[in-house]
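Novice: This is what each chain is made of:
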Amino acid sequence: MFSQKLENVRKMTPLIHNITNYVTVNDCANVLLACGGSPIMSDDIDDVYDIATICGGLNINIGTLNRNTIPSMFMAGKRANELNHPVILDPVGVGASKLRTQTAYKLLDEVKFSVIRGNISEIKALAFGSGSTKGVDADVADEVNSENLETTIQFAKEFSKKTGAIIAITGAMDIVADYKYAYVIKNGHTMMSKVTGTGCMLTAMIAAYIVAEKSVGNDMLEAVAAATCAMGLCGEIAHSRLTKRDGNATYRNYIIDEIYNLDGKTLDEGAKYEMQ
Amino acid sequence: MFSQKLENVRKMTPLIHNITNYVTVNDCANVLLACGGSPIMSDDIDDVYDIATICGGLNINIGTLNRNTIPSMFMAGKRANELNHPVILDPVGVGASKLRTQTAYKLLDEVKFSVIRGNISEIKALAFGSGSTKGVDADVADEVNSENLETTIQFAKEFSKKTGAIIAITGAMDIVADYKYAYVIKNGHTMMSKVTGTGCMLTAMIAAYIVAEKSVGNDMLEAVAAATCAMGLCGEIAHSRLTKRDGNATYRNYIIDEIYNLDGKTLDEGAKYEMQ
Amino acid sequence: MFSQKLENVRKMTPLIHNITNYVTVNDCANVLLACGGSPIMSDDIDDVYDIATICGGLNINIGTLNRNTIPSMFMAGKRANELNHPVILDPVGVGASKLRTQTAYKLLDEVKFSVIRGNISEIKALAFGSGSTKGVDADVADEVNSENLETTIQFAKEFSKKTGAIIAITGAMDIVADYKYAYVIKNGHTMMSKVTGTGCMLTAMIAAYIVAEKSVGNDMLEAVAAATCAMGLCGEIAHSRLTKRDGNATYRNYIIDEIYNLDGKTLDEGAKYEMQ
Numbered sequence: 010m011f012s013q014k015l016e017n018v019r020k021m022t023p024l025i026h027n028i029t030n031y032v033t034v035n036d037c038a039n040v041l042l043a044c045g046g047s048p049i050m051s052d053d054i055d056d057v058y059d060i061a062t063i064c065g066g067l068n069i070n071i072g073t074l075n076r077n078t079i080p081s082m083f084m085a086g087k088r089a090n091e092l093n094h095p096v097i098l099d100p101v102g103v104g105a106s107k108l109r110t111q112t113a114y115k116l117l118d119e120v121k122f123s124v125i126r127g128n129i130s131e132i133k134a135l136a137f138g139s140g141s142t143k144g145v146d147a148d149v150a151d152e153v154n155s156e157n158l159e160t161t162i163q164f165a166k167e168f169s170k171k172t173g174a175i176i177a178i179t180g181a182m183d184i185v186a187d188y189k190y191a192y193v194i195k196n197g198h199t200m201m202s203k204v205t206g207t208g209c210m211l212t213a214m215i216a217a218y219i220v221a222e223k224s225v226g227n228d229m230l231e232a233v234a235a236a237t238c239a240m241g242l243c244g245e246i247a248h249s250r251l252t253k254r255d256g257n258a259t260y261r262n263y264i265i266d267e268i269y270n271l272d273g274k275t276l277d278e279g280a281k282y283e284m285q
Numbered sequence: 010m011f012s013q014k015l016e017n018v019r020k021m022t023p024l025i026h027n028i029t030n031y032v033t034v035n036d037c038a039n040v041l042l043a044c045g046g047s048p049i050m051s052d053d054i055d056d057v058y059d060i061a062t063i064c065g066g067l068n069i070n071i072g073t074l075n076r077n078t079i080p081s082m083f084m085a086g087k088r089a090n091e092l093n094h095p096v097i098l099d100p101v102g103v104g105a106s107k108l109r110t111q112t113a114y115k116l117l118d119e120v121k122f123s124v125i126r127g128n129i130s131e132i133k134a135l136a137f138g139s140g141s142t143k144g145v146d147a148d149v150a151d152e153v154n155s156e157n158l159e160t161t162i163q164f165a166k167e168f169s170k171k172t173g174a175i176i177a178i179t180g181a182m183d184i185v186a187d188y189k190y191a192y193v194i195k196n197g198h199t200m201m202s203k204v205t206g207t208g209c210m211l212t213a214m215i216a217a218y219i220v221a222e223k224s225v226g227n228d229m230l231e232a233v234a235a236a237t238c239a240m241g242l243c244g245e246i247a248h249s250r251l252t253k254r255d256g257n258a259t260y261r262n263y264i265i266d267e268i269y270n271l272d273g274k275t276l277d278e279g280a281k282y283e284m285q
Numbered sequence: 010m011f012s013q014k015l016e017n018v019r020k021m022t023p024l025i026h027n028i029t030n031y032v033t034v035n036d037c038a039n040v041l042l043a044c045g046g047s048p049i050m051s052d053d054i055d056d057v058y059d060i061a062t063i064c065g066g067l068n069i070n071i072g073t074l075n076r077n078t079i080p081s082m083f084m085a086g087k088r089a090n091e092l093n094h095p096v097i098l099d100p101v102g103v104g105a106s107k108l109r110t111q112t113a114y115k116l117l118d119e120v121k122f123s124v125i126r127g128n129i130s131e132i133k134a135l136a137f138g139s140g141s142t143k144g145v146d147a148d149v150a151d152e153v154n155s156e157n158l159e160t161t162i163q164f165a166k167e168f169s170k171k172t173g174a175i176i177a178i179t180g181a182m183d184i185v186a187d188y189k190y191a192y193v194i195k196n197g198h199t200m201m202s203k204v205t206g207t208g209c210m211l212t213a214m215i216a217a218y219i220v221a222e223k224s225v226g227n228d229m230l231e232a233v234a235a236a237t238c239a240m241g242l243c244g245e246i247a248h249s250r251l252t253k254r255d256g257n258a259t260y261r262n263y264i265i266d267e268i269y270n271l272d273g274k275t276l277d278e279g280a281k282y283e284m285q
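Chains as they are written, first to last, in this note's numbering: chain A, 10 to 285; chain B, 10 to 285; chain C, 10 to 285.
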């Protein structure tokens with residue numbers, strides 16, 4: 010039940026260490042508070058070891074990576090691994106620059122991730138060193154649709170097998186897969202792509218869900234799927250609140266508001282997914 | 010009268026130099042504009058001397074401190090001291106890492122602060138090198154309540170005596186104390202803790218209040234108390250605007266909106282405090 | 010027709026590389042999405058060459074410049090120049106510190122800008138090495154009004170001639186000029202100055218407009234004027250939505266919402282300008 014995953018977060022208030030970009034960091038912090046977690050941002054090489062130690066999990070987002078924060082990602086990642094804390098990767102813009110691509114590869118080599126979340130172009134770039142990333146958005150050519158769904162699920166499962174991480178590919182349709190099972194999720198609204206950082210926010214929320222799950226259960230895949238459905242569902246409900254005059258700024262606020270108000274019953278009833 | 014403190018800010022438009030974290034910086038800038046001040050953010054070692062010079066006061070917030078910005082905090086702090094400009098410290102997450110704790114200690118040693126504002130765990134960590142900071146939030150074990158209120162007031166006064174700074178401990182109950190007098194403030198709403206950065210925003214607003222106060226009067230303690238009441242009161246009024254569908258994102262906006270609209274009469278009538 | 014400029018942006022989804030300040034970056038990203046562009050933020054010296062290469066244009070904003078990002082501004086600017094991509098400069102706070110002033114001068118020397126946008130104090134500081142910048146806001150003494158309008162237009166045209174860039178001076182009245190023609194624009198609302206980053210947001214939006222214009226037409230001046238009118242008009246319409254309880258935070262959201270909803274017809278009908 011997805012509702013249990015949601016309620017775990019609210020019960021446990023998981024403390025999440027974020028090394029993230031400065032574009033969407035405020036929204037990530039508010040989303041973590043909204044879903045029941047507690048955020049701390051820390052990216053200095055002299056700070057991250059201690060912060061990784063006191064937190065329950067780590068969110069690494071490479072959206073505005075730089076020569077100061079990259080070594081911090083490795084140090085924090087390794088420390089979280091030592092402590093067996095979940096670590097999640099959001100490979101923003103991987104494929105768009107050598108630095109992003111090489112950093113992401115090296116992170117995959119040296120840090121064990123529980124989850125990797127990105128759009129289809131990013132996940133392909135990560136898996137194949139190719140993919141046609143258009144900046145930080147997925148390329149239309151990569152879009153997951155009914156025709157390539159089976160192939161994409163298979164790809165996600167294989168990439169999960171290879172990395173040991175749950176793979177969350179989000180877009181019009183979301184795929185959340187481990188090496189064996191995949192959730193295909195159809196929650197969400199196209200207008201979410203007009204709000205900067207809905208991906209980053211989801212990654213932060215997944216971090217809260219898996220840290221909470223880890224201490225009470227073992228179904229990490231279901232926890233990731235629950236968070237992904239929750240984000241999409243909140244996007245749908247928030248969209249239904251919009252009046253003709255509202256645009257992407259109000260939409261951003263309403264999405265976070267809905268995450269704040271979401272309860273287990275609404276999530277279970279609104280979740281649109283199947284397993285494959 | 011708190012109203013005079015508020016009106017001073019609107020009259021004088023104090024220019025505030027902020028070396029602050031990138032999580033809540035936008036909200037701090039908008040809060041400074043909302044209350045009648047003018048913000049400038051500058052944290053590079055080659056920039057802060059000049060900026061500290063042209064501003065009326067300095068806000069140092071260590072929320073995302075790093076090896077580049079730490080030396081800037083010292084340089085700007087010393088320059089502001091030379092010019093006799095008020096300097097305020099927000100020791101975000103002190104106690105959560107050695108870097109935060111040691112930086113805060115060293116700042117207390119080398120920079121004279123007019124005000125230090127934090128939650129009770131942060132202020133304890135600063136005073137005793139202990140306290141059980143839970144990330145950036147106060148630990149429940151440290152909570153200020155009616156039973157430990159007297160002790161906490163005494164502690165705040167002593168810490169004020171030791172540091173020479175006005176101490177603002179904020180939470181469910183706020184204490185604003187110098188070595189002699191303390192305001193106990195009961196404005197605010199618990200939901201404010203679900204909005205990232207309400208503490209940072211208050212610190213920025215206090216900076217505006219003390220810079221404005223400095224040029225017209227001498228009651229710095231009352232100015233800090235006025236700003237603290239103002240933030241809590243705006244949290245209360247903003248909360249009364251929320252509908253069932255609203256959450257922490259809309260609440261954030263409404264809090265800033267209320268700061269923008271707050272007038273002296275509303276502040277005087279709504280302020281809930283006693284002096285001890 | 011301004012409407013065509015607006016529609017070009019929506020049709021072409023220009024990808025804009027931003028090296029910008031961390032205060033207003035989230036709003037810039039959402040404004041770029043709102044107007045029909047696509048933002049990517051990247052400021053590390055190892056990242057910017059690649060990102061500048063894949064984007065259609067570059068936005069350099071020195072609001073929180075630092076020793077890491079300054080070299081990135083030069084590298085990205087030169088790369089964009091090589092590729093003949095438009096580059097826009099927002100000289101935030103130039104005149105307020107030696108670092109800002111010298112960096113801006115050096116940028117003018119080494120990078121060819123298509124557009125420079127700032128308030129009157131910033132543009133004067135840039136042109137004369139003087140001007141009385143008050144932090145990041147224009148000094149009242151510099152205000153453009155009916156008495157000094159002719160002189161200011163002349164100044165803008167001359168500065169355009171000298172730099173080769175279109176000059177956009179924004180404030181109560183906006184002047185958008187090349188060496189030959191000037192638009193005097195009277196859209197906008199005074200309350201926009203109470204929202205942090207409306208200038209930064211406009212600069213980002215101008216970037217989207219000129220990148221889109223470049224690939225279909227040649228009237229770059231009209232494209233800059235269209236974006237400037239659009240921002241002012243959205244400020245007017247957004248202001249008309251405000252209730253008594255709303256303040257600068259809600260206003261910020263409504264401004265971005267209006268940019269999201271703006272269509273060509275509304276822009277053409279609402280634009281208030283004359284050419285000189």
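Each hint should be verified, as a subset may be incorrect.
[What the hints assert, rightly or not] Once the Cα atoms are required to be at most 27 Å apart in a straight line, the calculated BS3-like pairs of lysine-lysine come out as: (1) B/K121 x A/K20; (2) A/K203 x C/K115; (3) C/K253 x B/K253; (4) C/K171 x A/K253; (5) B/K203 x C/K203.
By construction, these hints were calculated from the structure, which means they are not laboratory data.
Novice: Each hint: holds or not?
Specialist: Hints, one by one, checked against the model:
1. B/K121 x A/K20: The hint is violated at about 42 Å.
2. A/K203 x C/K115: violated (36 Å)
3. C/K253 x B/K253: holds (21 Å)
4. C/K171 x A/K253: Between C/K171 and A/K253 the Cα gap is close to 45 Å, so the pair fails against 27 Å, i.e. violated.
5. B/K203 x C/K203: holds (25 Å)
Checked against the numbered hints given earlier, the structure breaks hints 1, 2, 4 and satisfies all the rest.
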